[in-house]
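2 protein chains.
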Amino acid sequence: MTVIYNRVALIGLGLIASSMYWAIKRAGLANEVVGFARSEETRQTAREIGLCDRICDTAVAAVAGADLVVLCVPVGVMGAVTAEIAPALKPGTTVSDVGSVKREVISAVTPYLPKGVHFVPAHPLAGTEHSGPRSGFAELFDNRWCLIVPVEGSDETACENVEKLWQGMGSLTERMDADHHDRVLAVTSHVPHLIAYTMVGVADDLRRVTDSEVVKYSAAGFRDFTRIAASDPTMWRDVFLSNKDATLEILGRFTEELFALQRAIRTDDGAHLHDYFTRTRAIRRGIIEAGQDTSAPDFGRGGSK
Amino acid sequence: MTVIYNRVALIGLGLIASSMYWAIKRAGLANEVVGFARSEETRQTAREIGLCDRICDTAVAAVAGADLVVLCVPVGVMGAVTAEIAPALKPGTTVSDVGSVKREVISAVTPYLPKGVHFVPAHPLAGTEHSGPRSGFAELFDNRWCLIVPVEGSDETACENVEKLWQGMGSLTERMDADHHDRVLAVTSHVPHLIAYTMVGVADDLRRVTDSEVVKYSAAGFRDFTRIAASDPTMWRDVFLSNKDATLEILGRFTEELFALQRAIRTDDGAHLHDYFTRTRAIRRGIIEAGQDTSAPDFGRGGSK
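One line per chain: the protein sequences are A and B, in this order.
Residues in the first sequence are numbered from -1 upward in steps of one, following our numbering.
Residues in the second sequence are numbered from -1 upward in steps of one, following our numbering.
Okay, chain A solo, but in the shape it has when bound:
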């Protein structure tokens, strides 16, 4: 691999940033990676585990002299963080981010960026239900998509370098328009997460089925929901609030379908149910064929402990 940037600054040191650090080092994509996190405790942890070549105590110090600055903070604070670092960005620097929503991030970040600084928003579609500086690992992005969302007037060379960085970290990349990105993610990620959170909340609330029963018997299907409903609460709050329109639209469609299935159950319409359930199997096959999951039976991953 060739070095793409002399110095990369990671602002925020959670799952994504920490995985980026290990992935950049694995492939030798930058000469130096500096990091900053707002919490003193997180900075301390990062120093302990050797996360980043250098940890700075301020965001301004971290971005000074950086050729690429990646905002790895919750979507809701992207604008405030940009306002803080803007004066310290050197001309010609590229600013990128890893937010799960793009239209709102672009609106929040763009006004603060000085002339001569390139903005190339990005979104790696990878994650686990773990968060924090200790949760990262170099393989997180391998064979996962990273969507590159150029803004109006994005510099082509700056875009290509961000693409190369992600490819170097193991990702497949694709360019996408911000509005389309937000709609695709509402379907494939945001609404599924909201539904998983809801289902887990329902189970937690019930009186006639105990919590311990829900936990003990979770392997019957419920378990798969708890995995995604254990993701970082702050990140997800910001995602829903900043991708409101697309989320509410897809939720509306979801409710419509759910009511149709509910009526089929109430009216004993077995044919409707059977047809619906048969149709959904095809999508699963497509995902396995596309290499985004395996067909290995999943029964608690007892074998991979």
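Rather than coming from a laboratory, the hints here were simulated on the basis of the structure.
It cannot be assumed that every hint is accurate.
Which copy is meant is left open, because identical chains are indistinguishable; a pair holds if it fits in one copy or across any two.
Here are the simulated EDC-like pairs of lysine to aspartate or glutamate, each with C-alpha atoms no more than 16 angstroms apart in a straight line [unchecked claim]: (1) 214 with 287; (2) 242 with 266; (3) 242 with 267.
Please arrange chain B on chain A, whose structure you already have, making use of the hints.
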């Protein structure tokens, strides 16, 4: 292990029955296991892969002389199958089943059972999204719960032997009343499956996001839904129709919660969202502590291919 039954008959040869065969053999729990499937093709496959010591061409032949008969057919045909085999059951035989719903199965099966035959309903909480005679494997039930649901007047020795069989196949067992079983399963399995089916159906239906995009970018959360929405359509149609009351009740609760979250998104109530998402993390921890999943990061199980 000791032999618990001289002859076991498995009626229906899908994922559960085929796994039972391999698990019974692994532990030497029966001297002979005979099998029957309604489809000629399934019987042929079973013979090819050595599933069961003997495959019979009729259900009546399969149950003749059996000490334990296990109904491994969809819930909707349990009654009809019992009517067919009833005359051939020898006195003292135990009949069990593996249906995901218990109240309706008990109502459907009991009227046909001759005096002197013991009925011990059971439900192993284990499965994968695969189905058919080739999908079984001996480890499916290891460390998974099997709920034993005695009916009024169930013979205690018959119950204990069914428990021993499941324990011998690797399961943990617990006794439960039929109505409570159906409610617990509505929460932990039936409604989660219905919701997963719905979400996958919504994605499949959208016009502005293409199918190929849904498939490509599924690792962002959607993938976990497709896994459980790929389960056997006939089985699930029957589950929903036969556990109608509990399913509709839990669905009602789910919709109520979903609408509350939807309103929080619409009204920018970040505190409500954050509180809700924080609460659901605790349940996830409980499941990991109970040994029903691992805390290993799941990123497409790329490592276990």
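Would you pick out the hints that fail for this structure and give their numbers low to high?
-> Structure breaks no hint.
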